[in-house]
Amino acid sequence: MKKVGIVGHGITQFSRSDEKIETVLLKSVKKLFENNSELDKEHVDSVLVSTNNESKYLSPILSESAGIKPKIAHSIESLCNSGTNSIVSAYSYIASGLADMVLVSGAERYDSPGQILQWDNSRGEFKHPIFWASIFAKSYKRKYLISDEQLASVSVKNHKHAKENPNALSNKTYSIQEVMTSKKLTDDLRLLDCSRPCTGGASIILASEEMTKKITSNPTWITGIGQMTTSASFTKNSSFSSMESTKLAGRAALKMANKEIQDVDVAEIHDAFTVCEPMALESLGFSNAGEGMKTINEMNGTDDFKINPRGGLIGCGHPLGATGIAQTIEISQQLQTEAGRRQVDGASVGLVHNMSAAATSSTVLILEK
Amino acid sequence: MNFETELSNGKFCIPECEKCKKITWPPAEFCSHCFGTISLKQITGDGKIIEFSKQGEHYFCMVEFFEIVRIIAKISKTPKIGQTVKISKCGIKNGDHFFQII
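Which chain is which? The protein sequence lines are A and B, in order. Just so you know, the first sequence maps onto residues 1 to 369 in my numbering. Just so you know, the second sequence maps onto residues 370 to 471 in my numbering.
Think of the hints as simulated: they come from the structure by calculation, not from any bench. Among the hints, a few may not be true.
Stretches of chain B that chain A covers, calculated by requiring three or more beta carbons in the stretch to come under 8 Å of a beta carbon on chain A [as the list claims (entries may be wrong)]:
| no. | stretch |
| --- | --- |
| 1 | 392 to 401 |
| 2 | 429 to 442 |
| 3 | 461 to 467 |
SDA-like cross-link-like pairs, simulated, lysine to any residue; straight-line CA separation at most 20 Å [what the hints assert, rightly or not]:
| no. | chain 1 | residue 1 | chain 2 | residue 2 |
| --- | --- | --- | --- | --- |
| 4 | A | Lys2 | A | Lys143 |
| 5 | B | Lys417 | B | Lys458 |
| 6 | A | Lys236 | B | Thr447 |
| 7 | B | Lys391 | A | Ala232 |
| 8 | A | Lys143 | B | Lys423 |
| 9 | A | Lys255 | A | Asp265 |
| 10 | A | Lys236 | B | Phe467 |
These numbers come from a predicted model, not from an experiment. Glycine included, C-beta positions come from ideal geometry on N, C-alpha and C.
Pulled out of the complex, with its shape left as it was, chain B reads as follows:
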């Protein structure tokens, strides 16, 4: 199971080390703490918007999960700092990861 394969199927997973249980972010082949094998966990729980800006009609937000995993994601409604959000859509488009939150 590979992060990108899961993502391209619309699933956002968290890469966690089988050995030390720490999260490696951005995703990598091995744990950045102990070089242990990474396994993927389906994300549970909400993310939090920590910053945002807007290009044209589209807001882009820095979203944080578990105080370590951060992504830049799109949101359709006006965001607020500290707002809790969920990933509504994600995948890979033209080689780039993309995330949509609600």
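Isolated chain A, as found in the complex:
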């Protein structure tokens, strides 16, 4: 298979703005080309748009607005992991030789219809994500004797990281007490345990090895991809205290990259809710079962930015279609030593974990310098 590199990226400020989806998409593409003056639009032969927005024909619209005439142009929707699904599609087009340079642009508005999976009637009248997250939290806390206070530290850590990220929705730090006294949504979830829907865009350009080497002296490479879909309905999950799809996707990605989890220096984890971070760390093998919080507390205590350096979904906000791309941009910047005050020293192998609908599907990417 041909090698695929990341040659450029651009991201918008994540906010609660009311801009049109087309504007959000174009803004991140504008940023991308401003950040990477060496990129020639003429070389972009594919444009993929990642979003759950209901507007149609967005890839041709974005292409026209950006002055690109691509061979391949279409949208990709897969709820919260639309972004990494789009990157995997771009990778496949390049690795197969169908494309040489692919622009992947993800965007969402704060009022995205992708936040609720109407189809899943097994959830009854409890379709909002706070209900599956409450079941996860209750189940995880029960199984491993974890307290609300311990879970609150995930939010404390990720807001702290986001404070160093100029594009994050949140610019505040919070104490454990503040998380624990934030608005109560259910017995097992407070407002600050949750990632927030927001408006934001993120764009990335992937290219073939030859093209990558021609364009940049500081590329990053996608060396591992793992994906797994176990179901669509939340109630089909085999466990509510671990993530089966993440386990399988993580294993596949590491195998493809010929790496062990211990080789990973920095990772973006899909912390849609606080409980998701320890569950994902355990399912990916960063921590033993039930010890995810121990890992998180150690990092929090030493200001180690290894997990969710950009602030995760909790700190950055969660514009669904842009999230996986924003996560990948962060890991790419970390490997390029361009992450500013969030920089993890000596990062040479990074991991992206992006999932949808209560971990019924997961994508894991491995990136290397």
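Please arrange chain B on chain A, whose structure you already have, making use of the hints.
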């Protein structure tokens, strides 16, 4: 006979394949194992609470029937893990299925 029609009449039925006899859940037009025709069976037997949480004054529980059919249902009394329950009320409200258990 359609799952949603039955549900809107307050009847909770299990979708079973006429050909392979396996249950397809959530309900669908065809069997998810063999694409056979689905027929509905009135539920018999108890469900079991496998997890729950609470929003405001209302508990919501994950309930399992026959180790395969799971729903999220309301219960008025404090639930317990492993508790056996029956569906006391169900239907469709504002397009969403709803289930009440006792």
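Hints versus structure:
Counting residues of the stretch 392 to 401 of chain B whose CB lies closer than 8 Å to any CB of chain A gives 3, which reaches the minimum of 3, so the coverage claim holds. For a cut-off of 8 Å, the count of residues in the stretch 429 to 442 of chain B with a CB near a CB of chain A stands at 6, and the three-residue condition holds. Counting residues of the stretch 461 to 467 of chain B whose C-beta lies closer than 8 Å to any C-beta of chain A gives 5; at least three are required, and the coverage claim holds. A C-alpha spacing of about 44 Å is found between Lys2 (chain A) and Lys143 (chain A), which places the hinted pair above 20 Å, so the restraint is violated.
With a CA separation close to 16 Å, the supplied pair Lys417 (chain B) and Lys458 (chain B) stays within the 20 Å bound. At most 20 Å may separate the alpha-carbon atoms for a hinted pair to count; Lys236 (chain A) and Thr447 (chain B) exceed this at roughly 24 Å. Under the criterion of a C-alpha separation no larger than 20 Å, the hint pairing Lys391 (chain B) with Ala232 (chain A) is consistent with the structure, at around 19 Å. Taking the CA atoms of Lys143 (chain A) and Lys423 (chain B), the gap is about 18 Å. The hint holds against a cut of 20 Å.
Proximity of Lys255 (chain A) to Asp265 (chain A) is assessed by CA-CA distance (about 17 Å); at most 20 Å being required, the pair is judged to hold. For the hint linking Lys236 (chain A) to Phe467 (chain B), the alpha-carbon distance of about 18 Å falls within 20 Å, and the restraint holds.
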